[in-house]
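*Asks:* Use the sequences and the hints to build the structure in full.
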Amino acid sequence: MKVKKKTIGLVIYFGLLLMPIYWMLNMSLRTNASILGSFVLFPTDATFTNYIKILTDSSWYSGYINSIIYVSINTIISLVTALPAAYAFSRYRFLGDKHMFFWLLTNRMAPAAVFALPFFQLYSSVGLMDTHIAVALAHCLFNVPLAVWILEGFMSGIPKEIDETAFIDGYSFPRFFITIFIPLIRAGVGVTAFFCFMFSWVELLIARTLTVTNAKPIAAIMTRTISATGLDYGLLAAAGMLTIVPGMLVIWFTRNHMAKGFALGRV
Amino acid sequence: MEKWENNKAWFLVLPVFIIVAFSSILPIMTVVNYSIQDIWGPGQSIFVGTEWYEEMLADHRLHDALWRQFLFSGLVLLIEMPLGILLALAMPKRGWGVSASLVTMSLPLLIPWNTIGTIWIIFTRPDIGLFGAAVNQLVEFDHTARPLDAWITLMLMEVWHWTPLVTLLAYAGLRAIPEAYYQAAKIDGASTWSTFWYIQLPKMRGVLTIAFLLRFMDSFLIYAEPFVLTGGGPGNSTTFLSIYLVKIALLQFDLGPGGAFSLIYFVIVLLFSYMFYQALQRVGKGEKV
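Taken in order, these protein sequences are the chains called E and G.
Take 1161 as the starting number for the first sequence in our numbering and just add one per residue.
Take 19 as the starting number for the second sequence in our numbering and just add one per residue.
Read the hints as simulated data drawn from the structure, not as lab findings.
Hints are supplied without guarantee of correctness; some may be wrong.
With a Cα cut of at most 25 Å, we get these calculated DMTMM-like pairs of lysine to aspartate or glutamate [stated by the list, open to error]:
1. Lys111/G <-> Asp206/G
2. Lys221/G <-> Asp1392/E
3. Lys221/G <-> Asp206/G
4. Lys26/G <-> Glu1324/E
5. Lys1320/E <-> Glu23/G
6. Lys265/G <-> Asp77/G
7. Lys1258/E <-> Asp1323/E
8. Lys221/G <-> Asp1257/E
9. Lys21/G <-> Glu1321/E
10. Lys21/G <-> Asp1257/E
11. Lys221/G <-> Glu1324/E
12. Lys1166/E <-> Asp206/G
13. Lys26/G <-> Glu1321/E
14. Lys265/G <-> Asp56/G
15. Lys265/G <-> Glu72/G
16. Lys21/G <-> Asp1323/E
17. Lys221/G <-> Asp1323/E
18. Lys1320/E <-> Glu197/G
19. Lys26/G <-> Asp1329/E
20. Lys1166/E <-> Glu197/G
21. Lys1320/E <-> Glu20/G
22. Lys1258/E <-> Asp236/G
23. Lys1320/E <-> Asp1392/E
24. Lys1213/E <-> Asp1392/E
25. Lys21/G <-> Glu1324/E
26. Lys221/G <-> Glu197/G
27. Lys265/G <-> Glu73/G
28. Lys26/G <-> Asp1257/E
29. Lys1165/E <-> Glu197/G
30. Lys21/G <-> Asp1329/E
31. Lys1164/E <-> Glu197/G
32. Lys1258/E <-> Glu23/G
33. Lys26/G <-> Asp1323/E
34. Lys1258/E <-> Glu1321/E
35. Lys1258/E <-> Glu20/G
The structure presented is a predicted model; accordingly, all values stated were derived computationally and were not measured.
*Replies:* Shown next, in the form of structure tokens:
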């Protein structure tokens, strides 16, 4: 009986959660005049013109490609650098470890608005303006600390005896780390990858500051729907629906890692 | 857990340090520079010392925005943390439901923030929005006219948008608890509540700490959604710190006061995050004993 109550609660929550998403879908299938004209629960005049415009106009769909490129680069850099660092923080005491650990997180604490101009200056001075790598690097500022913190939490949950046993068995550090340790914290790696992807995907201010045309992200292109005649809500909603898709794919591919959790397979 | 003492561990941390410091140190020093100068054009500036800091600290509109911000973040944490944990406990552990719940749960997180605000404008309109129309069947509700309604709408949007972050972290934390712990609890005849209190919650301490800090920082720095949805109004009732900051720094293009404001803002977030971090560390240790 108890299990059932939990499930009912979850289903109700999902129902509420999907309402704004449904409304976005509803809007994306209508013209702007229809959206602003009247309340329609199920659109009868459904049209795919908004989607067709986005998927056929290269100034629109290139935004998705740009975003996917820099977000992927960022997620990979964040994970590759954060994994060994998180291991160091969870296993070793070293000079300045606690300060270093907290300092990392302080990089997420500054209000972004005034920092846009210095970011622009910094990345122009190293000649990286309007490149994917610039946005990917800049997003590391908030994603790398996040990755280190989440991974450290998961790694601290793994008993140190596992490391010791492996080293006694003659494993080298890289081999132990890649073949034994990382599989143990798959849930953590999955959730970290998703969060890095997500935060980089939705970030707008830095991405917009560092790009002109070549690497312009989709979130910045979406602001184009505001024109002299007002906002094109239908087009914006369609673009919004499409921004969900890549993230859904990421969570779909990491879902098994997140769900499988902990298995003390080897020892 | 007793840690090994070894300064060579720095080599594992070095890449992270370099990559973060590259984007961190110069911009923050530049903002410090802004905050102690009066700038009225490229290359035209004068050193003013702490003048901007004094002006900002005495600004009563900043104080109002600050209290509003504390209230907002406090409510966010009070609602989202318990709700997120409950949802994580309710999510299925195996079968097709896992994938379905994970994907559904992550949907609100994946929409760019300015788009969320815009969608909610229509969603909450009494005449043409699903939420607005439904609620107005019951009571008169208009977030553009009444401060309380604006707050309720913003909180709903915030909870809708960010509770999944807490849930996903808590869920991954729950999945990382070895099955052996549950078996031991079962043998001891532990109730659901004591299993949660003595096993699940302490084991989730790491992920819940980061979830708590993330929610605190991000809700304290919130900008795009309230700016788009309410524009800080009606009146100033939803003018949070960062909305006020942008008003000063970018719309009036005053880099000096804006820089000073940013750094004061930064220090407040830093102090509170540090306090929360220390407190959460201690709570966790107490529970383990």
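*Asks:* Any of the earlier hints contradicted here, and which numbers?
*Replies:* Hints 2 and 23 contradicted; others consistent.
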